[in-house]
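J.: Each protein sequence line maps, in turn, to chains A and B. Read in order, the letters of the first sequence correspond to residues -11 to 102 in my numbering. Read in order, the letters of the second sequence correspond to residues 2 to 115 in my numbering.
These are computed hints drawn from the structure, not numbers from a lab. All C-beta atoms in this analysis are idealised placements derived from N, C-alpha and C, irrespective of residue type, glycine included. Any given hint could be a false lead.
[Stated by the list, open to error] Pairs of lysine to aspartate or glutamate residues, derived as EDC-like cross-links and limited to a Cα-Cα distance of at most 16 Å, are as follows:
| no. | chain 1 | residue 1 | chain 2 | residue 2 |
| --- | --- | --- | --- | --- |
| 1 | B | Lys71 | B | Asp55 |
| 2 | B | Lys84 | B | Glu63 |
| 3 | B | Lys10 | B | Asp31 |
| 4 | A | Lys40 | A | Asp55 |
| 5 | A | Lys(-9) | B | Asp60 |
| 6 | B | Lys58 | A | Asp82 |
[Claimed, not checked] Partial list, derived from the structure: chain A residues whose beta carbon lies under 7 Å from chain B:
| no. | residue |
| --- | --- |
| 7 | Cys0 |
| 8 | Pro32 |
| 9 | Tyr34 |
| 10 | Gly93 |
| 11 | Arg94 |
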Amino acid sequence: DAKTTQPPSMDCAEGRAANLPCNHSTISGNEYVYWYRQIHSQGPQYIIHGLKNNETNEMASLIITEDRKSSTLILPHATLRDTAVYYCIVRVYDRGSTLGRLYFGRGTQLTVWP
Amino acid sequence: DGGITQSPKYLFRKEGQNVTLSCEQNLNHDAMYWYRQDPGQGLRLIYYSQIVNDFQKGDIAEGYSVSREKKESFPLTVTSAQKNPTAFYLCASSPTGPGGNTQYFGPGTRLTVL
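Sequences and hints are given; from them, build the entire structure.
T.: Structure (structure tokens):
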């Protein structure tokens, strides 16, 4: 149960902003949204995470809607090296556990073209 | 140079043999995880450990075993009982406690059973 829905593929021109959407309509109040990306045959790379507020770091920005049912990852100036599978993940807490679990879906294949 | 190492990168075994995959981290993280990834799919949780000498089954633990004798190490054994062991195996680690437990991944081991 991936708990998130993402488009299977998107493309973007180099230098333009890439906006990757994600739906998580069943998210609960204490569940964080995480974004990772995976370049072919490598381990996933952490990008950003958030709970309610929008977040920004050196890699990307995360915009979470007020009702928290969806979010958008923004890569402000996409480069060819940003071509990867992007995973939107909800961190879920099992009953009685303080350690959240990440549920990965199939992600969005982002292709950045010259 | 902190991080997570997995060895070897590629591993070949004959059907019916047990095989152990190595995962070491020097990030001083309490929690460690093992995931499996099949072609075109997201990651699925095999086992995780919040602390030394303790571990829990994930979603697909059958045919796998783990140990956590040291904080830095979380080896995974793929036993002959695992019906379809050929896959890409990823190890991750994270801190624990409130405020988030972002997982950081190793480079992965690609296991092929002949």
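J.: All hints are to be evaluated individually against the structure, with a verdict given for each.
T.: Status of each hint after checking the structure:
Between B/Lys71 and B/Asp55 the alpha-carbon distance is near 11 Å, which keeps this suggested pair within the 16 Å criterion. In summary, the hint linking B/Lys84 to B/Glu63 is supported, as the alpha carbons are separated by about 9 Å, within the 16 Å threshold. As the CA atoms of B/Lys10 and B/Asp31 are separated by approximately 24 Å, the hinted pair breaks the 16 Å bound. Simply put, A/Lys40 and A/Asp55 have alpha-carbon atoms about 9 Å apart, close enough for the 16 Å limit, and the pair holds.
Simply put, A/Lys(-9) and B/Asp60 have alpha-carbon atoms about 15 Å apart, close enough for the 16 Å limit, and the pair holds. For the proposed pair B/Lys58 and A/Asp82, the alpha carbon gap of about 12 Å is at most 16 Å, so the pair holds. A hinted interface residue such as A/Cys0 counts as satisfied when its beta carbon comes closer than 7 Å to some beta carbon of chain B; here the least separation is about 21 Å, so the hint is violated. Checking A/Pro32 against chain B: minimum C-beta separation of about 5 Å stays under 7 Å; hint holds.
Restraint check, A/Tyr34 versus chain B: the minimum CB separation of about 6 Å is within 7 Å; hint holds. Hint status for A/Gly93: holds, given a least beta-carbon distance of 5 Å to chain B, under 7 Å. A hinted interface residue such as A/Arg94 counts as satisfied when its beta carbon comes closer than 7 Å to some beta carbon of chain B; here the least separation is about 5 Å, so the hint holds.
Of the numbered hints stated above, those contradicted by the structure are hints 3, 7, listed in ascending order.
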